[in-house]
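Visitor: So the sequence shown is numbered by our numbering: it starts at 98 and just counts up by one.
Calculated from the structure, these hints are not laboratory results.
Heads up, a few of these hints could be off.
[What the hints assert, rightly or not] In silico lysine to aspartate or glutamate, DMTMM-like type, Cα no more than 25 Å apart, as pairs:
no., residue 1, residue 2
1, K101, D213
2, K188, D279
3, K310, E205
4, K101, E205
5, K283, E227
6, K241, E112
[To be verified] Between beta-carbon pairs, the in silico distance windows are:
no., residue 1, residue 2, range
7, D263, S236, 50 to 60 Å
8, M128, L193, 16 to 26 Å
9, S260, L193, 28 to 38 Å
10, R172, S114, 41 to 51 Å
11, N194, V280, 38 to 48 Å
12, E304, K146, 44 to 54 Å
13, I219, S114, 13 to 23 Å
14, K146, I286, 32 to 42 Å
15, Y109, N169, 34 to 44 Å
16, S140, L106, 17 to 27 Å
17, H293, D211, 37 to 47 Å
Built from N, CA and C at the ideal position, the CB exists for glycine as well.
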Amino acid sequence: MDEKYLNQLITYLQELSHIDPSEIPGLDLYMDQVTSFLDDHLSDVKRHKNDLALTKTMINNYAKNKLLPPPNKKRYSKDHILMLLFIFYYKGILQLNDIETVLKPLNEKYFHKDGDLNLSDIYNAVFDLEKKEKEHLISDIREKFDHAKTTFSTEDSHYDSLSDSDREELQLFSFLCELGFDVYLKKLIMETIIDHLREMNVAKEAEERALKKMKHS
């Protein structure tokens, strides 16, 4: 495999950035304005240029499924857009009911709430981890790439019949398998944590019902 291709992948990763809360308009936006804003600011992470980051139907479904609080008179606030950004990053790896569980505490405790900690603070705290995590990821990708290059090697006579193009194709397959295995395991861990969160929520709700019943008895 070509080191030049690896460097292209790494450059792509290094140039990716997230939306800073200061870039989000302070005024409430209508649906068309929201989708346009997201398309413009998430263009770097869309797989194809003509893909839509989030569609109107998607956003309506998120509100219907309680991932997103409903708009106020068809207008979406800065907090709505922050929640949509979290949904955007999660939707490629988690089911909607899992995303609802993850975001439920944010919706209930920090969405449009006045306090010492707001949704922008939480968003910033999470994305402050980006630089360090990206450095770790790039190092890990380099290591996986080097491992994949050792597969189907010319040094093993068993693979002498492979053409250069077939060898590269199989090495790229090995590279994809390494990356995919990593994603698979992390997804399992995420789902396990989400199940734990769901159990915590059920226990909390049961406790609240019991306390309410005691007060009325």
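Visitor: For the range 38 to 48 Å, tell me whether the beta carbons of N194 and V280 fit it or not.
Guide: With Cβ atoms ~20 Å apart, the hint is violated.
Visitor: Using the beta carbons of I219 and S114, state whether their distance is inside 13 to 23 Å or not.
Guide: holds, 19 Å
Visitor: That 41 to 51 Å hint for R172 and S114 (C-beta), does it hold up?
Guide: violated, 27 Å
Visitor: Between H293 and D211, does the C-beta distance stay in 37 to 47 Å?
Guide: Since H293 and D211 have Cβ atoms about 30 Å apart, the given range 37 to 47 Å is violated.
Visitor: If you check the beta carbons of Y109 and N169, does the distance land in 34 to 44 Å?
Guide: Since the Cβ atoms of Y109 and N169 sit about 38 Å apart, the hinted range of 34 to 44 Å holds.
Visitor: CB of S260 to CB of L193, is that within 28 to 38 Å?
Guide: Given range 28 to 38 Å: violated, Cβ gap about 45 Å.
Visitor: Assess, step by step, whether the Cα of K101 is no farther than 25 Å from the Cα of E205, and give holds or violated.
Guide: Given pair K101, E205 is violated - Cα atoms ~48 Å apart, limit 25 Å.
Visitor: Can you let me know if the beta-carbon spacing of S140 and L106 is within 17 to 27 Å?
Guide: Distance hint for S140, L106 holds at roughly 18 Å.
Visitor: Taking the beta carbons of M128 and L193, is their distance inside 16 to 26 Å?
Guide: holds, 19 Å
Visitor: If you check the beta carbons of K146 and I286, does the distance land in 32 to 42 Å?
Guide: holds, 33 Å
Visitor: Run the distance test for K241 versus E112: straight-line Cα separation, threshold 25 Å.
Guide: Holds. K241 to E112 sits at ~21 Å (cutoff 25 Å).
Visitor: Take a quick look at whether K188 and D279 sit within 25 Å of each other, Cα to Cα.
Guide: Distance of about 18 Å is within 25 Å: holds.
Hint violations for this structure: numbers 1, 4, 7, 9, 10, 11 and 17, all remaining hints satisfied.
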